[in-house]
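Novice: Residues per chain, in single letters:
Protein chains: 2
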Amino acid sequence: MINVTQTFLPPIEEYNAILKRAWEKKWLTNRGELVLELEDKIKNKYHISNILATTNGTLPLQIAIKCLELKGEIITTPFSYIATTSSIIWEGCHPVFVDIDEETFNIDPLKIERAITPKTSAILATHVFGNPCKIDAIAKIAKKHNLKVIYDAAHSFGVSYNNQSIFEYGDVSTCSFHATKIFHTGEGGALFTKDKELYNKLYYHHNFGHKGALDFHGLGINAKISELQAAMGLAVFPYLEAIFERRESLYKRYQKELKGSVQFQKIESNCDYNYSYIPVVFKTEKQLQDVVNLLNNNHIYPRQYFNPSLNTIAYINGDVMPVSESISSRVLCLPLYFDLAEAQVLLISNLIRNCISNE
Amino acid sequence: MINVTQTFLPPIEEYNAILKRAWEKKWLTNRGELVLELEDKIKNKYHISNILATTNGTLPLQIAIKCLELKGEIITTPFSYIATTSSIIWEGCHPVFVDIDEETFNIDPLKIERAITPKTSAILATHVFGNPCKIDAIAKIAKKHNLKVIYDAAHSFGVSYNNQSIFEYGDVSTCSFHATKIFHTGEGGALFTKDKELYNKLYYHHNFGHKGALDFHGLGINAKISELQAAMGLAVFPYLEAIFERRESLYKRYQKELKGSVQFQKIESNCDYNYSYIPVVFKTEKQLQDVVNLLNNNHIYPRQYFNPSLNTIAYINGDVMPVSESISSRVLCLPLYFDLAEAQVLLISNLIRNCISNE
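Protein chains in written order, with this note's numbering: chain A, 6 to 364; chain B, 6 to 364.
No wet-lab data here; the hints were simulated from the structure.
Accuracy of the hints is not assured; some may be wrong.
No copy labels: a pair is met if it fits in one copy or bridges any two.
Claimed, not checked - Quick list of in silico lysine-lysine cross-link-like pairs, DSBU-like style, CA-CA up to 30 Å:
#	residue 1	residue 2
1	K31	K257
2	K216	K288
3	K30	K46
4	K76	K153
5	K291	K46
6	K291	K216
The task is simple: from the sequences and hints, build the whole structure.
Specialist: So this is what it looks like as structure tokens:
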């Protein structure tokens with residue numbers, strides 16, 4: 006069976022050796038030494054101003070919305086994982102969708118301004134599949150209209166844009182360290198901001214507002230990551246470069262094999278990409294369905310990331326988004342992970358090519 | 006150094022042996038087999054209708070509030086950990102405090118009715134230090150006024166009331182499996198409800214509303230617990246009876262040594278208690294401070310659970326709660342954990358007695 010992804014597992018002995026330090030300290034959570042070390046390692050490797058590791062990748066979005074005191078409408082993309090929109094709604098704001106660019110799959114900055122109303126408080130955009138948004142254009146619009154910018158960078162670990170970590174952009178950036186991600190802590194995530202004062206506020210929000218044992222800064226919940234999770238991050242960390250390399254090689258192999266048969270995502274220039282996903286878009290929904298059926302029959306399980314287009318979900322009920330809905334109905338993320346063999350990429354590509362040419 | 010608590014750590018080899026199963030399955034989250042096994046074990050041991058393990062003990066409160074569609078005012082206790090109130094505020098409701106009983110430290114049901122207004126939607130009460138609330142009286146009031154009841158049972162793992170697990174009471178009960186708790190998963194928690202339909206709703210809310218890969222039931226966020234955390238729960242589980250026994254013995258030793266010197270919490274009858282904390286109340290705030298200073302000088306660090314009284318926190322700004330504020334200013338939780346030696350209990354008790362008698 007070949008799934009769309011497979012969790013990268015470091016040797017269990019290496020995980021255990023790190024975890025032993027938590028046992029020795031008898032300390033399993035509340036920002037133990039493993040969490041601090043993990044944050045430091047990520048910060049130093051990517052020259053990041055401030056990082057706060059969290060227990061998953063959704064709480065950072067919720068905390069960012071609360072912390073920036075966003076109200077009313079938040080402009081967002083319909084082509085993302087559900088968490089991007091559900092965080093907005095959970096936190097009492099209204100998602101206003103802006104359609105995506107059909108080549109990059111990211112929110113189309115040319116369409117943002119017409120969606121702005123007096124109620125708009127922020128733009129929450131996703132760097133889809135790790136591909137950076139039109140960051141400069143979005144920054145310009147935000148400045149002009151006095152809006153906050155949050156980037157859902159769930160897929161963007163390791164990506165840089167204009168020679169800076171992608172996490173350095175926007176008022177706040179968030180990441181997911183979920184088991185299916187390039188870098189992971191089982192479940193996990195992080196908050197990033199260049200603004201030290203804002204960082205402090207995010208920090209308090211993620212730990213009940215605690216200012217020592219008896220005093221409180223203000224509102225907070227629990228988004229703390231445990232040592233069990235941090236130990237996993239520290240065990241995966243030494244393999245990062247090997248993981249990036251391997252994925253790049255498989256990604257490029259897919260591109261070579263499927264060139265002309267499918268549409269690939271256009272990756273932004275000025276970007277050091279992380280090859281986190283290999284989304285391919287078929288000509289028609291029927292073609293996609295035929296391919297999915299054929300692959301499934303061969304025990305290969307790609308995933309329709311992101312389908313449905315978020316605006317079409319019943320409880321969300323957003324405006325029609327023609328581009329996003331069209332891409333959503335025709336996009337497929339193919340298997341891509343460290344342990345995937347090149348022969349498997351060839352097999353999958355062959356099956357897809359044959360399926361398409363038979364039509 | 007003796008802290009108020011110390012995390013119970015099973016032998017690391019036992020944790021590793023369990024975790025190996027996650028490695029073999031290459032599955033670290035999204036309700037893996039370790040999570041399911043842990044839920045089953047808890048459910049069977051305590052004859053619980055429905056359990057949903059979560060990544061911490063605060064998200065269950067948030068999810069319960071959202072899931073029960075609570076609005077307006079929620080009646081709650083000022084004598085609890087901050088999470089009880091901050092969850093209410095985070096979820097857009099207003100906490101209305103009702104003072105506590107000076108003997109049980111739990112919300113006083115006699116004072117609940119006068120706090121009910123047309124805006125009241127629920128009662129969120131804490132079984133403080135694991136001591137059951139006046140469950141029958143609260144149920145009666147809730148029924149009369151058509152209010153939902155949520156029990157914050159963060160401290161109540163293993164407690165039964167009227168021969169039923171404490172988690173079976175209220176519309177929803179929540180628990181914390183934080184590292185400092187009797188039973189723990191590093192960070193973790195759980196939701197409980199007897200109502201299967203409500204359970205399904207809580208379930209969807211905790212996993213983004215997913216109904217399969219492409220469909221959604223409704224709103225949701227991420228409260229999933231990982232296999233790393235579940236493995237810890239499974240490793241602690243076999244030690245539960247030994248943990249309860251040890252704590253009971255130390256608890257009773259404190260009671261014997263300090264009888265007449267301090268006020269103890271009155272534990273409800275009809276209750277099988279878990280000895281999760283040993284709170285003692287001093288005659289005056291000064292006496293408490295003198296004791297804290299003396300203990301600290303001896304490298305002993307009890308904690309002022311729960312101080313401050315939640316109504317007095319600046320951003321919360323609730324009505325005056327004389328009993329809670331009085332108890333808060335005079336209460337101290339003494340060290341109590343599995344590895345605490347009886348000699349240490351004697352030492353701590355002697356220090357306290359001497360300090361008090363010198364005044």
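Novice: Each of the hints needs a verdict: does it hold here or not?
Specialist: Going through the hints against the structure:
In this assembly of identical chains, the alpha carbons of K31 and K257 lie at most 30 Å apart only when taken from different copies (26 Å versus 46 Å within one copy). Taking the closest pair of Cα atoms, K216 and K288 come within 30 Å of each other only across two copies (27 Å); inside a single copy the shortest separation is 56 Å, beyond that limit. In the homo-oligomer, the alpha carbons of K30 and K46 lie at most 30 Å apart both inside one protomer (20 Å) and across protomers (28 Å), since each shortest distance falls under that limit. Proximity of K76 to K153 under the C-alpha cut-off of 30 Å is found in both arrangements, the shortest distances being 11 Å within a copy and 28 Å between copies.
Taking identical chains as interchangeable, the C-alpha atoms of K291 and K46 are never at most 30 Å apart, the minima being 46 Å within one chain and 46 Å between chains. Taking the shortest Cα distances, K291 and K216 sit within 30 Å of each other only across copies (23 Å), while inside one copy they are farther apart (57 Å).
The structure fails hint 5 only (numbered hints given earlier).
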